[in-house]
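Line by line, the protein sequences are chains A and B.
Using our numbering, read the first sequence as starting at 1 and increasing by one per residue.
Using our numbering, read the second sequence as starting at 1001 and increasing by one per residue.
FYI, nobody ran anything at the bench for these hints, they're computed from the structure.
Since this is a predicted model, take the numbers as computed values, not measurements.
Ideal placement from N, C-alpha and C gives every residue a C-beta, glycine not left out.
It is possible that some hints are incorrect.
[Claimed, not checked] Label pairs and their in silico Cβ distance ranges: (1) 73(A) x 1262(B): 37 to 43 Å; (2) 1375(B) x 60(A): 25 to 31 Å; (3) 12(A) x 1261(B): 32 to 38 Å; (4) 1124(B) x 43(A): 56 to 62 Å; (5) 79(A) x 1353(B): 44 to 50 Å; (6) 227(A) x 1098(B): 43 to 49 Å; (7) 242(A) x 1142(B): 19 to 25 Å; (8) 1266(B) x 79(A): 48 to 54 Å; (9) 136(A) x 1091(B): 50 to 56 Å; (10) 1058(B) x 136(A): 48 to 54 Å; (11) 1019(B) x 117(A): 50 to 56 Å; (12) 117(A) x 1144(B): 25 to 31 Å.
[Said to hold, decoys possible] Per the computed footprint, the stretches of chain A lying under chain B, defined by three or more beta-carbons under 8 Å from a beta-carbon of chain B, are: (13) 54–65; (14) 169–181; (15) 186–195.
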Amino acid sequence: MTNSPPVISVRDVVVSFGGTTVLDRASVDVFEGEILGFVGGSGAGKSVLMRAIIGLVPKRHGTIEVFGYDLAALNDRQRRALEQRWGVLFQQGALFSSLTALQNVQFPIREYLKLSPRLIEEIALAKLEMVGLSADVRGKYPAELSGGMIKRVALARALALDPDIVFLDEPTSGLDPIGAAEFDELIRTLQRTLGLSVFMVTHDLDSLHAVCDRIAVLSEGRVIATGPIETMLASEHPWLRSYFGGKRGRQVQGLLQ
Amino acid sequence: MACGGAGVGYWTVSAVSLTAKTDGERLALVAAGSWTAERAAELEKIIEETARRHVGARSVDIDLTKLERLDTFGAWLIERLKRTFLVRGSAARITGLSDIDRGLIEELRLVNQAPAPRRAAPNRILLALDAVGRSIAEIGWSLVLLVQMFGALTSAALGTIAHPTRLRLTSMVHHLERVGWRAVPIIALSTFMIGAILAQQGIFRFRTVGLDIYVVDMVTVLVLREVGVLIVCVMVAGRSGSAYTAEIGSMKMREEIDALRTMGLDPVEVLVLPRIIALVIAVPLLTFIGSIAALYGAGLVCWLYAGMAPEIFLERLREAIWLPTFAVGMIKAPFMALTIGLVACSEGFKVEGSAASLGRQTTASVVKSIFLVIVLDGVFAMFFAGIGM
């Protein structure tokens, strides 16, 4: 896996808001076809790094390369072409509240591809079914959907254009343990069938254990460790020990043994 | 994505093809190239053409060994082609799947199986009648809600009078600052201009009959009785009524109103009462300021445009103003403020989950409150005429 070039390469990125530096020379790689779990304390800047990669937050310093292209060096056209190759699942779903579930999934397809209405509808329905939703949610508005359904529709929308990379911002937060486990399973299945590379910001130790190939840990603005969960559990770093060694962490550890 | 060695596969999208070889009733199709989203429009035409051309095929093999890349779009189109043949009663199968693509093809074999729901063609006349009926019911319903809001407000107000400590003084003062104090500059400026325009138009007409001096009477009566309070109410409805609706509406969207209820608090008492009290205090004050500004504007125009000395203007003003003229405008102001506040808050509570609904109710709030203010003004006109004011 490590001998192919990374699909996302973040080097020495600095992001600050006003006087506070949130990311201080953070570096991380995501390789093709892997699920990278990105953890860190609340407010450590996990989402900020994700937003810096997708271009929602400006960086002060450093380089971000996606598919080997430096994002800062691309022109608008190339950037739009690149943006079609990734999908983003926001923490709250960020579904368009005035569109139905089906229209939400159709939206990026309609914007980017000139396809027949029939094909757009079929593809969007196929995506909804692939994320485990039945056909009767198609006409529902986001306000009529449960939290778990919103996340699924948002995932279907993130996958609408068949991206190579999917960014997930706390995909299982706000879901019950059964729903969260199903969602983890779904991400795993879709990642395999579609060959996705996944950048997943999460707090859910179960997700880290169940689906992540590698974990990157952000602390004090830097990525302090990367590696599979076994490495994290074996680490002597005090923050990692308290994160993975706490009561909840020990349960996961118990599952591993 | 199942990219066949194309690295990141970002700019490389190779040409697609579907070559057919017929052998009697057997059809062998070979798909090649990138069957991906970028090519989907082209691919859809290709599969439709293929399906049309080979109607007679009894047995169809779709060979995918030459595929370079496949994504959901391509896989779905292959599945659709297969289904087209299956529906015709032909045998169709997909061969030459790589391990990576197998999962995707399998996944798509399961989707879109349920037939699309058929909607009965709607009758245009019925639809039009339906729309009329719904909008009439809507008008009735919003009147009911308005009365309901008035009732809830009265009960909250009575409760507050019984226990004055329950009045949210800080909140009320805060809203008073927002809807009253901060509105002064824009209200004064607009009414000043209205006064000036009225005077200019008046001078223009009255001069032809040589009765310039009566411009003062006309402007004074118009401004103090009607225009002052109306302009202020229109401005307040647009400026503060819309803000009230949007605030309460977004609080409703984020379940903040429900949170208040579960804490045993009455949202009307906490949110609506301070806002409406602030409006009822602010609008008469703004009306007074607005009327003075309008008269000032009128005086300035009379002086600069018609050469009427300020002393003469003031002298005439003293004769033209009769206490009831001033009182009529000021009496109307708090009632109009109450109307604007009630409409704004009840529209806020009607907001549902979507951003579109917030926009719709905010618009409705401004339109309805301006309309009701004008209706109320008409009712007052009849009332004052009746009591001879």
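Consistency of the hints with the structure:
1. Distance hint check: the CB atoms of residue 73(A) and residue 1262(B) are about 53 Å apart, inconsistent with the given range 37 to 43 Å.
2. Judged by the Cβ atoms, the range 25 to 31 Å given for residue 1375(B) and residue 60(A) is violated: they are separated by roughly 58 Å.
3. For residue 12(A) and residue 1261(B), the Cβ-Cβ distance of about 51 Å falls outside the hinted range of 32 to 38 Å, so the restraint is violated.
4. The hinted window of 56 to 62 Å between residue 1124(B) and residue 43(A) holds, with their beta carbons roughly 57 Å apart.
5. Judged by the Cβ atoms, the range 44 to 50 Å given for residue 79(A) and residue 1353(B) is violated: they are separated by roughly 33 Å.
6. For the hinted restraint 43 to 49 Å between residue 227(A) and residue 1098(B), the CB-CB distance of approximately 31 Å leaves it violated.
7. Range check, residue 242(A) to residue 1142(B): about 57 Å between beta-carbon atoms, so the 19 to 25 Å window is missed.
8. The hinted window of 48 to 54 Å between residue 1266(B) and residue 79(A) holds, with their beta carbons roughly 52 Å apart.
9. Between residue 136(A) and residue 1091(B), the C-beta spacing of about 33 Å breaks the proposed range 50 to 56 Å.
10. About 37 Å separates the C-beta atoms of residue 1058(B) and residue 136(A), a value inconsistent with the hinted range of 48 to 54 Å.
11. Taken as a hint, the range 50 to 56 Å is violated for the pair residue 1019(B) and residue 117(A), whose Cβ atoms sit roughly 28 Å apart.
12. Separated by about 41 Å at the C-beta atoms, residue 117(A) and residue 1144(B) break the suggested range of 25 to 31 Å.
13. For the stretch 54–65 of chain A, the stated coverage by chain B is not satisfied: 0 residues place a CB nearer than 8 Å to a CB of that chain, which falls below the threshold of 3.
14. For the stretch 169–181 of chain A, the stated coverage by chain B is violated: 0 residues have a C-beta nearer than 8 Å to a C-beta of that chain, whereas at least 3 were required.
15. Coverage of a stretch by a chain is defined here by at least three residues with a beta carbon nearer than 8 Å to that chain's beta carbons; for the stretch 186–195 of chain A and chain B the count is 4, and the condition holds.
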